[in-house]
Structures are given as structure tokens and as C-alpha cells.
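Student: As a plain string of letters, each chain reads:
2 protein chains.
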Amino acid sequence: MSLLVVGSVAYDTVETPFGKCDKMLGGSASHFSISASFFTNVSIVGVVGGDFTEQEVFDSRSIGTNDLERIADGKTFRWGGRYEYDLNVAHTLFTDLNVFADFQPKLSDESKRSRLLFLGNIQPDLQRGVREQMPDAELVALDTMNLWIEHTRDSLVRTIKGVDVVIINDAEARQLTGIPNLIKAARELLSWGPKALIIKRGEYGAALFTHESYFAIPAYPLESVFDPTGAGDTFAGGFMGYLASQEKLDESAMRRAMIFGSVMASFNVEEFGTDRVRRLTHAEINDRFRAFKRMTHFDEIPFEVK
Amino acid sequence: MSLLVVGSVAYDTVETPFGKCDKMLGGSASHFSISASFFTNVSIVGVVGGDFTEQEVFDSRSIGTNDLERIADGKTFRWGGRYEYDLNVAHTLFTDLNVFADFQPKLSDESKRSRLLFLGNIQPDLQRGVREQMPDAELVALDTMNLWIEHTRDSLVRTIKGVDVVIINDAEARQLTGIPNLIKAARELLSWGPKALIIKRGEYGAALFTHESYFAIPAYPLESVFDPTGAGDTFAGGFMGYLASQEKLDESAMRRAMIFGSVMASFNVEEFGTDRVRRLTHAEINDRFRAFKRMTHFDEIPFEVK
Chain A
374 MSLLVVGSVA YDTVETPFGK CDKMLGGSAS HFSISASFFT NVSIVGVVGG DFTEQEVFDS
434 RSIGTNDLER IADGKTFRWG GRYEYDLNVA HTLFTDLNVF ADFQPKLSDE SKRSRLLFLG
494 NIQPDLQRGV REQMPDAELV ALDTMNLWIE HTRDSLVRTI KGVDVVIIND AEARQLTGIP
554 NLIKAARELL SWGPKALIIK RGEYGAALFT HESYFAIPAY PLESVFDPTG AGDTFAGGFM
614 GYLASQEKLD ESAMRRAMIF GSVMASFNVE EFGTDRVRRL THAEINDRFR AFKRMTHFDE
674 IPFEVK
Chain B
374 MSLLVVGSVA YDTVETPFGK CDKMLGGSAS HFSISASFFT NVSIVGVVGG DFTEQEVFDS
434 RSIGTNDLER IADGKTFRWG GRYEYDLNVA HTLFTDLNVF ADFQPKLSDE SKRSRLLFLG
494 NIQPDLQRGV REQMPDAELV ALDTMNLWIE HTRDSLVRTI KGVDVVIIND AEARQLTGIP
554 NLIKAARELL SWGPKALIIK RGEYGAALFT HESYFAIPAY PLESVFDPTG AGDTFAGGFM
614 GYLASQEKLD ESAMRRAMIF GSVMASFNVE EFGTDRVRRL THAEINDRFR AFKRMTHFDE
674 IPFEVK
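Each protein sequence line maps, in turn, to chains A and B. Oh and the first sequence: position 221 is 594 in this note's numbering, straight run, nothing missing. Oh and the second sequence: position 85 is 458 in this note's numbering, straight run, nothing missing.
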């Protein structure tokens, strides 16, 4: 496989001002892999219970599930959340970890040979354990969340030292470094070891920091956001999926990958769960990539102002 | 003259966590004209009191002040503000309108022949009065603020109907239209008549909406912001000044003007008041324009994803 993701596979219950949807496929590995599957061969390391009936979604997108453990007498991780009109903030209604509580990622030999690895938002010791099983991976990226920053910061920092790309949002970057200015926070985080840092800014877009460069893009302009759940993992799936499709993982590829990530995330929020992304066509994806080019392009100055 | 601005000329007292500066040159017309002066001939319509001693600043930048009225026995407009560590929010400490309280813009015949007009943030009846004295202006832009949206909304909407470009921040766009989603709010505002709308998003950059297109740019990444006072007017000065230097005011010119506006605003916040912008060189301005190109450019997809 070209790309491996370790993370949660869940059943989500989501309430928004526009409706409610119960027990739909969710979790970081689900959103990530469905998004990445449009670009590359992707495979999941995760765990589900005997109640899991969404296998056909993964099959329909040719997503590898040999390392998706099934615990017949257990229940799949469930998460419930509610969004108010301000769709930037998710209010968690319940979290039933179920089989995910004792999740120990197990990688088959085939999985360990994946070229790229994405460590979804799980406990940082587990992330590090997986990373160490794949010392030859060409590029490893990591996501995290406020919970791990608060309770397992030291472990998280150690894990970050061992990856190439960190993908977090602006609040997490500030919280993790204790630095309010985002540019300074980014420099601090990069000094820990990663080659690149992606900061997601929701409706304001995203930025890619490397040791030598800065790249920033707006979000796709949406007149309505229906369900933001999974937007971050869908972004990461587009980003890593596109990179896995490329021979050279240079800055130019990373920048295009940022656009594809944003494209996928912009589709994700248009409907509940993974519904919109699952139905996508490559023509739709490419069209939206070109829309990003149109909305960010400006001409060089024909002659210098003097 | 190529460009005329009507607005305030003031003495500002600003406190930030990094220091305090008393009685420095401020006001929308000052920030605007100093910024615009790097691109074009610009002239001010405004009023000052007998205590005004900053004329040499305008002279040193060749800014026209024939229509800057002097009321010998009056005092110049004074504003005092404080910023906490969150430099996005200004806390007004005092506002002494002084001679500005009875400001009635008076345009000389030469001023009325200006090609472009910027209506700084003053009462919308006054803005409309000036606009109506220049029916042949090629492009008219307007700024406003929450005070006028709250207390003189009907007049403001009438004024907006008569201009080409509205330049406001995201909170103002939402407040003015009553629409939380920025893209919908922009569409509503454009339906009132303007050809273009620029929404300033502070540290997140700015966006240009027209009836046919959308263009968004990040802010220049700054590790420290010293004094944000006047950043919006400095942006507008760079935007309008660059446009005034161009023969064709088409979308391509507007996009480059957005970059020059952002460039000038990014310098403005580096020091107190107008200090940094006054000292700029064209080489510094052009360098930062090229930095914007580097930080937003991405390659087309070499072949389509399929």
C-alpha cells in the first residue's frame, strides 16, 4: 500500500441547526481514508465492534481493511456532538470509547511497507509506537487535539520530534507551544524537529510552514456549511493522498497537496458525515482545484512601483 | 490630482503592551494619504485646528493639502486608544472631535477633477455629499464603521449604492447585512450596487468580491504587531494609490492593488502611528509584493487526478 492511516473508525451522531443524523460512519481513519482513496491506495489500522456494518463503504472505495481489527463481542466507538449556528465549535454530547478504549494498533508486514503514514488523532504513545514500526516510511504526518496537549504533552512533544509533518489547527498550535503569535508558535514547533507544519484555520483557510518558506491559502468560499465533522481528517486525507500519488515529495507537491486537502474538506462539510465525499468524481475535484487557482492568482507587477 | 481622500486628520494617543505614544499624527486621511503617496499624487480634504504642527509630514510626501481646512481658534481632532495583548481590539479611551465635530468637506475645483476618490470613515451623509460633487470620478471607494451602521444605516446604504468599491472588515459586513455567513453577506452587499467589495480580515488577510469573481489573500506573516492603528486606512491607501497609478482599472489591477494594500498595512503595524510607512522605500515595497507572490503561488496540476 502507498498510504497507511491509524485512527478511529466510529459511529457518529451529529446535530446541527439544519438536521440530525444518527449512527453514521465517522472517525478520523474513516474520513481520512475515504478522502485519500481518490488519489492513492490507502489502508486503515483501527478497531471496530461486532455491530459494525459499514464495511461496504470501505470496499466501494478500495480501502484496505486487513488491519481493521474486529472484536465480535465489542461495540464500535461512538461519538455524539452538536453544533450551534457557529459551526466552528462542536459540543460533545457523549463519547463511548467501547472497543477503542483498549485499542493497540497492529500492523501487518504489508502495512509496515507503506510509503507514507498518517497518525490520526489518538494517544501520542500509540502514535509513537506505530511510527517506530515504520522507520523507513518516506513521510510521516501527525494530527492531535487539545485533550492530548493538556494531559500527555511530554509524550506528544516526543512523538512530534519523530514525524515529518504536523497537521493541527491554530488554537492547538498556540496551546501546544504557549505562544499566542501564530508565526512565532510555528517557528517554535518546527524547531522540535518536523520538516513542515500545517495550521488549519477553518473558514480562513490553512498555512504551510517549513524551515525555509511560508505558504497560505484561503478556504473555499461556501455559502453554507452543513456538517463540519471530519473536515480536518478529510483535509489530511486529501493532502496525504495526493502526496502519495507523487514521486517527488518536494515543496511544489506539498503546496498542491494543501490545495487538494482544502478541496476535499470543502466538499466534506456540504453534507452529513462522509456522504458528499463518497460520491465525488475526479472531475469535481479537479474543477475545484482550478477554482482555487482562479481565486488566488494575481499577476506579477508589470514593472516595479517607483 | 489623481486621487482624493476625505477623512480625519487627528492626533492619536496609543497605548499598547509594548509602549505608549502621545499626540502622534493619525486619522484616516493621514494614514491613507501617506500610504497612497508611494504610488500616486494624492490630496486630502479635511480639517485641523490651530494646534496642528504636522504639515511637514504631508509636504515631505508631496501630499496635497489645499483642501485641508485650518481653523485657527479650534483644536485638532484627538483620539486615544489602548490595545491589550489581543491587538485586534482597540479600546477607545477618549474621542475629542474638536474641529472635526462640524466638519463640512469643501472641495476645490481642482480636487473635484480627481480621477479616484476615497471616502474615509466619516458620517455617511457627508460621504454622499462629497461623492455627488464628483459625478465623473472613475472609481469611488468607501470605508465605514460600526457607529454609522448602528445609527445611520439607511443613509449608509444610500451612500453605498452610489460607490464602486466598499472596503470594510468582516464584522462590519455581517453587522451591515445581518447575515452571519460572509459569502452570503458579500453577495447581499454587492446586490445594493457596488462593483466590488473588499473584506479585511486582520491577521487572516483580505478578500475581494465582485459580481463574477472571488479573490482571497493571506496577511503578511508578522512575528510581532506593534500598533495596529490605521492599518485599515493604510491598506486602503495602498489599494487606491496603486489603482490610481494604473491606466486600466480591471480585475487584474484590482488584485495587484489588494497585494499592495496588504503590503503597506503590514509595514504600518510594525511601529507606532505612521512612522514605519513614512520611511519606506520603493525597494522595500516591491520586495514585500514579491514575498506575497512566493507565499501564495502553487503550480497547476501537471496532469489531472483521475
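It should be emphasised that the hints constitute simulated quantities derived from the structure, not laboratory data. Do not take every clue at face value.
If chains are identical, the list can't say which one is meant, so a pair holds when it fits in one copy or spans any two.
[What the hints assert, rightly or not] Computed cross-link-like contacts, EDC-like style, restricted to lysine to aspartate or glutamate with a CA-CA straight-line distance of at most 20 Å:
(1) LYS666 with GLU624
(2) LYS534 with GLU545
(3) LYS568 with ASP424
(4) LYS479 with ASP543
(5) LYS396 with ASP623
(6) LYS485 with ASP446
(7) LYS568 with ASP446
(8) LYS621 with ASP509
(9) LYS621 with ASP672
(10) LYS666 with ASP509
Student: Go through the numbered hints given earlier and state which of them the structure violates, listing their numbers in rising order.
Tutor: 3, 4, 5, 6, 7, 10
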